[in-house]
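Engineer: Numbering follows this note's numbering, in which position 52 of the sequence shown is assigned residue number 55; successive positions increment by one, without gaps.
Among the hints, erroneous ones may be present.
[Claimed, not checked] Simulated restraints, written as ranges between beta carbons of each label pair:
#	residue 1	residue 2	range
1	A33	E8	15 to 21 Å
2	G34	V11	14 to 20 Å
3	E8	G34	17 to 23 Å
4	S20	G55	15 to 21 Å
5	G34	K7	23 to 29 Å
6	R68	R25	24 to 30 Å
7	D6	N66	24 to 30 Å
8	D6	G34	28 to 34 Å
9	A33	K7	14 to 20 Å
10	Q44	R10	16 to 22 Å
11	K7	V62	16 to 22 Å
I should point out that these hints are in silico values taken from the structure, not numbers from a laboratory. Predicted, not measured: the structure shown is a model, and the values here were computed from it. All C-beta atoms, glycine included, are put in the ideal place defined by N, C-alpha and C.
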Amino acid sequence: QYDKEIRVLTTATAERSVPSRRRADLPLTAGEQLDVIEAVQGHAVICRNAQGRYGYVLVEHLNFR
4 QYDKEIRVLT TATAERSVPS RRRADLPLTA GEQLDVIEAV QGHAVICRNA
54 QGRYGYVLVE HLNFR
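All chains, full assembly: derive it from the sequences and hints.
Structural biologist: This is the structure we're talking about:
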C-alpha cells in the first residue's frame, strides 16, 4: 500500500525480469514500462507497473532512456 500523493517523476523500462525477493519489492518483466513515483535512499526507487502494483526496484534493473 502506497499512502503518499502519487506524482510520476519519470518513466523507465525494466532491463530484465526480476522476481521479488521481499514483499515490498515489485517483480519485473523484461521490457515492462514503469512509472517511477519516488526516489528513495540508496539504489532503489518506488515504481508502479501497468497493473497499478507498487514496490521497490533497484535502479540497476532499469533503463531511464
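Engineer: Against this structure, judge whether each hint is valid.
Structural biologist: A quick look at each hint next to the structure:
1. A33 to E8: 15 to 21 Å: 30 Å, violated
2. G34 to V11: 14 to 20 Å: About 19 Å separates the Cβ atoms of G34 and V11, which means 14 to 20 Å holds.
3. E8 to G34: 17 to 23 Å: 29 Å, violated
4. S20 to G55: 15 to 21 Å: This hint holds: roughly 19 Å between Cβ atoms.
5. G34 to K7: 23 to 29 Å: 28 Å, holds
6. R68 to R25: 24 to 30 Å: About 28 Å separates the Cβ atoms of R68 and R25, which means 24 to 30 Å holds.
7. D6 to N66: 24 to 30 Å: 28 Å, holds
8. D6 to G34: 28 to 34 Å: Check passed, 29 Å falls within 28 to 34 Å.
9. A33 to K7: 14 to 20 Å: 28 Å, violated
10. Q44 to R10: 16 to 22 Å: 18 Å Cβ-Cβ, so the 16 to 22 Å window holds.
11. K7 to V62: 16 to 22 Å: The hinted range 16 to 22 Å holds for K7 and V62, with Cβ atoms some 20 Å apart.
Hint check: violations occur at hints 1, 3 and 9; the rest are consistent with the structure.
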